[in-house]
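Colleague: Residues per chain are reported as follows:
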Amino acid sequence: MKARNLATGALFYLLVAVIVFSAVFPFYYAILSSMKSGTALFRADYFPLSWNLGNYRSVFRDQPFATNLWNSLQVSFAVVALSLFLAITAAFALARIQFRGRTLLLLTILGVSMFPQVAVLSGMFQMIRGLGLYNNLLGLVLSYMIFTLPFTVWVLTTFMRDLPKELEEAAILEGASSWVIVTRVFMPLMWPALVTTGLLAFIAAWNEYLFALTFTLTNDERTVPVAIALMSGASPQELPWGNIMAASVIVTLPLIALVLAFQRRIVSGLTAGAVKG
Amino acid sequence: MSDRAWLTTRRKRDAWLFLAPMLVVLAVVAAWPLLRTIWLSFTDTDLLKLDQARWIGTENFLSHKEDGWHGVLADPQWWRSVKNTLVFTVVTVSIETTLGLVIALVLHREFRGRGLVRAAVLIPWAIPTIVSAKMWSWMLNDQFGIVNHLLMSLGLIDRPLAWTTDLLMTSVVIVDVWKTTPFMALLILAALQMLPKECYEAAQIDGVHPLKVFWRVTLPLVRPALMVAVIFRALDALRAFDVIYVLNGSAEQSRTMSIYVRQHLIEFHRLGYGSAASTLLFFIITLLTILYISIGRVRLEAD
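Top to bottom, those sequences are chains D and B. FYI, the numbering for the first sequence is 64 to 340, going by the working numbering. FYI, the numbering for the second sequence is 27 to 329, going by the working numbering.
So here's chain B without its partners, still in its complex pose (with noise of 0.2 Å):
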């Protein structure tokens, strides 16, 4: 064997020594938790009794009996906490990319006092979510919030609105958008940056319309940079818990597929029905990332 073949060998079998520590604690951590999710999804586990389990087949998901259907698909609430979830990604993701580019556009330019301002866009996303929901939960208080109180001296509403009893759903976008509208706003800002600067140097000699320079130029460029970004934000819109939990608790009209989930896992103890409606969580995730990065086609570089 000659030595290049020889240090070849070795290195690969240091490749894979090196990536055994990682690779043991991502089985335990990921692979083995699913798993076992799945498995547990097929049984009848009770929370306080985890070693009592009994294989029930695909009863947690869809059942039938003398009183009619059961199991999670059969569960109008599931379906409302489906479609809370899509409601809340599409409002929250097209509105942070919106605002996102608005920002990302003003700091592209060139002004004084730019670096504060970035400074300032940094501090939402600084403030661990847990906090932002409950500022926003005493800034948004029917009775006493200070957001009721600007916008009426503002004149732009007469009477307080019941931010925390019927506008669940909005308060939750707006404390949503508030806290992850800087992390849009600095990725396509970085991609920005990174735009050729001849082609806004053409079109500024040609004299085209700055709007149409965005639309024609800036747009097409930031695309791919874009569509990670909103992949990246909506895989994260699609798993929201902590804002809408801490801001609304387990609320119907804002309940998503990760609070129905923790909601009959741990409230109701029900691990083995909760576990089915995880195991739907996952896939309906999975298919719905597979679907935009083909429809999208984005171009995930791996390697």
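So here's chain D without its partners, still in its complex pose (with noise of 0.2 Å):
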């Protein structure tokens, strides 16, 4: 019996390694290749040999990648602020006022959020061409909101909703405005949600390829997913794989650090999004 309890145990911690292995080492790989340069890139290492930063330069000298990344922070900072404003509100309505046509509203949003982004594509290009936004960063943040905008109302309605009634309460009977009953009784018990929704709705925001790659032309204006997918050497043959992976591990190392800090809210973020979905 012990024998075979060590056997199982042994197993379930080979399971372990085998998880732990292949979540991590890709990145791990990253960063060894973003370190290497010349011909030691094209020689297969599981360990880091050598610690050249070369790669790093050349991706801020030969390419705008400052500029894409001061792009992407922009970009990102709007969309977070722009939808936590206007879904604060928004949620305070669905979650604590009963009014006809909510559960149809929550619906549509719901839908929104499931919505193919592609499926937009061409009416968005057209909208975006229309008010002058084509290649232009409040282009982007304006067409970002159909994915952050129903993500963010969802799950901070489904935090308001779960806050005690007493609060609202007392502070309807002493004749509070519902703005002043948003903007300070609820905010400041709100800011949990606040940055677990934010965060998400950022990660969102940094993260988008299809309309960034699609609504913006020089490379000036283009974020970071965008320029790192469009990073070409001399000839479609030669990728410079040392940048690609200088660029990437760059853009990455800031969202794992946010990640794994506030692992535990993410976490709830997400399952109040989508179990409770």
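Note that these hints are calculated values from the structure, not bench results. All of these numbers come straight from a predicted model, not from anything done at the bench. Heads up, some of the hints might be wrong.
Unchecked claim - Below are the EDC-like pairs computed for lysine to aspartate or glutamate, each with C-alpha atoms no more than 20 Å apart in a straight line:
id	chain 1	residue 1	chain 2	residue 2
1	B	K38	D	D108
2	B	K109	B	D93
3	B	K109	B	E227
4	B	K38	D	E232
5	B	K75	B	D93
6	B	K38	D	D283
7	B	K75	B	E85
8	B	K109	B	E224
9	B	K223	B	E136
These two chains come separately, so use the hints to put the complex back together.
Modeller: Encoded structure:
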């Protein structure tokens, strides 16, 4: 019996090792490759043999990568701010006030959050052109609302619904307006939810590719994912893998740090968005 | 009017006031572009001449001329991309659900270093899709890729596999599974942690085999959460674009509906024709969602 326990224990840890290896190795290998230059890149190594930061320098020197990073930051922060602002008030109405058509509205919002982005691509393209926002970061901010807004509204609504009724009733008795209730009573309690949804919206905007690829034209207006995807060498056969890996590591490290720091929050945010959905 | 009634009316008015900005934005970014896309699908609009649209009825969908049938519905490439999308969705979602379940069960057990393993599992999820596609296309490189190297040194294959020329669909599936299994695992884990402990204690006392406990107790109890997780993943897979486009471009072997649509819209400048394809895509996905929800009897708790 004891031997069998030992064997299952060993098997269990083997499984854990396989899981960890498959999860971590690709990114580890990207870091490894980003530090290699020249022919060393084309040799398969499993351990770091040199620390060469040439690729990192080259990404900033030969490409407008700093501009791309700054574009991504601007777009992502604007998207977070705008969608949270719009979602807080909307979530208050959906979570705390009984009115006709509420369920239908919630279902519509859920429907929009499941929307295939590509299904609106041509209409969106025409609209962006019409508004004069083609090749403009504002066009990206606006179009990203289609996936961040329904999601933030949904998660904040589920969160706000669970807050105790008494808080609000006391405020109403004192004659507080709905605006005061939202900003003074609920907002202070909502920080955890706001951080979570804000973070998820940030990640979604930071990673977005299809709209960014379609609605921008010049390298100076591109966001990071598009810049990385379009990095090319002298010929299509010679992709600058070292540079691509360096750029990939730069955009990914902050995300990994954020996700690991807010691990629990993110998991609860995802489950609020999905399981309760 | 009593105070209370007045208050309710005021609150209802506030509700719409508070909803208005969000609804306006959603109308602008979702409703209008969708309707516009559907409208465009009945025109012959060219990407470079957006203002010159001519209404041509259902010609983009299907039409008959002297030289045969035309339109999206008569294009074998379109049907190939529909098939590719369905294959991609069914294969990735099944693998992801199975692996997600295994990882969730592992993380559900108490063992030393569990926190670290959980953090490690989150890493693929945290990596931007574009970056994971690029990382993998480097690792799957036919000549210099580490994957071929690893498989060969383990003796699993004798010759390098042509991941980026012959096995396009397989590569896409690998990358998608790697990237999204964490999401599945975490959702299932959250469901597992909400299960009542008593069932398990009772089963343990009765000496029921763990596998039987899994099939008879765990699986039925997490089924509702699993169904919801599956639908979210499936919807994501049905519209998959980034991973596939970055890995393989518009190559036929892995061309899904989204890729087909974008190829016609942007690369071929056929805004009208591409819109017709995207309208079909929208209805196919909506139909599949409704089918899944009614067959799987998923309860979407809207209130």
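Colleague: Now, for every hint given, state plainly whether the structure supports it.
Modeller: So, going through the hints one by one against the coordinates:
| no. | hint | result |
| --- | --- | --- |
| 1 | B:K38 <-> D:D108 | 65 Å, violated |
| 2 | B:K109 <-> B:D93 | 26 Å, violated |
| 3 | B:K109 <-> B:E227 | 46 Å, violated |
| 4 | B:K38 <-> D:E232 | 16 Å, holds |
| 5 | B:K75 <-> B:D93 | 27 Å, violated |
| 6 | B:K38 <-> D:D283 | 47 Å, violated |
| 7 | B:K75 <-> B:E85 | 19 Å, holds |
| 8 | B:K109 <-> B:E224 | 45 Å, violated |
| 9 | B:K223 <-> B:E136 | 14 Å, holds |
Checked against the numbered hints above, the structure breaks hints 1, 2, 3, 5, 6, 8 and satisfies the rest.
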